[in-house]
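Novice: Spelled out, the chains give:
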Amino acid sequence: MRRTALLAAALLASTAPALAGDPGGEARAWLAGGSAAGFAAGAAWLFIAGDSLGAGDPAALLIGAGSVAVGGAGLGAAAAALSDTEAPAGPRLRPPLGALGIAGGPTLYEGEARPLTGSLAATPRARAGRFDLSLRADASRTLGTNADRDWRPGGFTGLALQSSTTALDLRPEIRMYPGDGPGSGGWGQLELALRPSVWLRAEQLTYATGEERALRRTAWLPATAGFRWHLSGRQRFELYIGPRFDQLAWTGDEAGAVPPTLGPLYFDTAYDLHVPHPAELLGHDALHRFEVGYEHSNFDGTGFNTGAAIGFAGPYRASWDVRLTRPERSWALQLGLATEIGEHGETRLTVGLVPAGEAG
Amino acid sequence: MSRVLVAIVALAGCARPECAPANYRYPECRVQAEWELSRLVTSEGVEVHFEDPGAEVWDARGLLHEDADGAIYARLAGLGTFRLTLSGPAPSARVRLDNVHPSVPPLAGEQARHGLVRELEVDLPPGGAVIEGGLPAELCRDGFRLAAFGDVQKNPLQLRRIVADLHAEAARAEDAGTPLLGLIFLGDLSETSARTELRNVRDLLASAPIPTATTPGNHDVYDAHDAVYNETFGPGTHAFDVCGARVVLLDSGSGSLASSVVGRLPELLDGQASFLLAGMHHPPFAGGTSAGWTAEDQAQLLLAELAARDADLVLAGHLHRRMSFPGAPVPQIVVGTGGASQYAVDPDYGYLRMTFTDELDTCFVQVPTPGSDGEQPARRAPETCVE
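Heads up: the sequence lines are chains Z and D, in that order. My numbering numbers the first residue of the first sequence as -10 and each following residue consecutively. My numbering numbers the first residue of the second sequence as 154 and each following residue consecutively.
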């Protein structure tokens, strides 16, 4: 009941500017209204049909996308009440050309270890007419070994499991601008994108018996496609969806492999808001981006569970990025802080460099 | 919220034991609970615990508590051999042993039996006593059967019909020379994890002709403060050997496995059995369904370990229908057909029949609702059994 009330309040807040003739507010109203309907339909589908879903999970898509859209619209409405959200704030934040990151969380339990994860990402891009081409490569590795204790009573004091993971995500992207760009109205409000991906995970495990296993998990997402909608000069909503194919291989005494087979449906949705810093920040021009998002994937075990709805949803995320530029410099610094909201979600800090041409 | 507080405390450099306090919605806490519930010190100081029959060490192979009349209630979790040890200052102990196959020969100290329950009066010499037993080897010389299904939830009446049909199945199995040795219940026994619901299911299963090995589903692990499932049925993760088949049940109720269970996978899965079966609530191979694992990495690891050992079959529920997955690395059958809603005009309820001879054969025994037409065209695999 409380969640419903909060969603209704967000919906109402997002529609109020529309009533005042605010174009961005009108877009938010359409987004929030449609998404709220989708959320309600998905929630009804999931809670009525429940576990009986036998093929795919469109209900989770409606809930995930709907909650992000309605929540984001509420965030946008609050921002609109406090500042101008219509005028473009300059070149928008994008993944840095190169970035270093560190992620992790505290080790909660005695005798266990949760080392940090270090990452290195690169996103070269090029523009060709109405098309924007990029390739994002994100590599990460646990900086040490995860250690889980055996907590069974009765003298079990050793380690139950030790593990480490090396990950590589590759995502080429073709983005098309059908209109004359954001702000031009009509189709200019939309970007269309094709972003196939591959996720590689190499895991090394040592069991309580000392037996070791190396596991290589691969997710192929060959046809992920979607759109980005510019609700206003500073607010955007995006959604991407596609099939996922899972591949598995393992080494050890009984090595083996499984070819790619159809896995759960994948989608990703986000709402972001750009906010220029009102004054100089540390001697730089600063542009902030706030984002809330949802990724429908439990590939890395970070799904969001509530009540008996276990295993249906992937993680939500919230992030803040800031780009610091100075006119005389050929590079801008971009800092990011992102957190995953779900089981075993991590918080990641990144520092990256953006070419001045992209930073305005 | 409790994890947030733990994280804050941990940031302050105060890491602490897991499950202190316990949240039984997390699998590791249920592992601790099921181990604690497999040992008991009675009001008379008698110490009892379940053991691994092969290793003769403490193992979470059942549930123990002291009844109001002072008898020790012991519920076997698995379908094969069992062993309990007792010691203490009392000269004897009364034991009510539950979930025992009727074909298990009389046990030491047995006074009476009714259905799946044996009443024992066990002498306690200074060195302690042992209760052990199992199915006679000649019982399954020519093969045997097991039944399996999951997902009853809000339809215990359908469970009642299935239990009644199991009596007919036991007779059919006897006639075929492949006796029915047990039932595997693949989770979602209840709808809301309420103690009354779980006890109702346990009482219904007490009418079955054969014992039941259970594992919880997501609907059975709501309660953060009480390990209600474990307090009713015993362990959710356990393994046993029955007539040359090794059956490993894994508690996936939280959409993941406890780390200590993942760490013990080789220990649980290894053995000299002719058949290897794994059962859990959430199917580890998604195959185009939503499957339901929060930790898909664990699901894939489990598939790799099962495939590395040439496992014969993975059994699961969660999806309220019967399904086979021909593309899975290990043959997988979903039978969430115990009565939970299928949103179908004519639901397809029933259970899986597994016949173990030189090979493993499976088919589906329909237990239709009253007024149902029975077999419908284009039913899914596995196919309906033909008598």
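Source of the hints: derived by calculation from the structure; they are not laboratory data. Don't take every hint at face value.
[Said to hold, decoys possible] Beyond 10 angstroms from chain Z on every Cβ pair, some chain D residues (computed):
(1) E189
(2) T234
(3) P362
(4) S409
(5) F428
[Stated by the list, open to error] Derived list of chain D stretches under chain Z, where covered just means 3 residues or more per stretch with a C-beta under 8 angstroms from a C-beta of chain Z:
(6) 169 to 177
(7) 327 to 339
[To be verified] Anything over 12 angstroms on all C-beta distances counts as not near chain D; from chain Z, calculated:
(8) L89
(9) D137
(10) L181
Beta carbons are placed, not taken as given, at the ideal position from N, Cα and C, and that holds for glycine.
Novice: Hint by hint, say whether it matches the structure.
Specialist: Evaluated hints:
| no. | hint | in the structure |
| --- | --- | --- |
| 1 | E189 | violated (6 angstroms) |
| 2 | T234 | holds (21 angstroms) |
| 3 | P362 | holds (29 angstroms) |
| 4 | S409 | violated (7 angstroms) |
| 5 | F428 | holds (17 angstroms) |
| 6 | 169 to 177 | holds (count 4) |
| 7 | 327 to 339 | violated (count 0) |
| 8 | L89 | holds (23 angstroms) |
| 9 | D137 | violated (4 angstroms) |
| 10 | L181 | holds (26 angstroms) |
Checked against the numbered hints above, the structure breaks hints 1, 4, 7, 9 and satisfies the rest.
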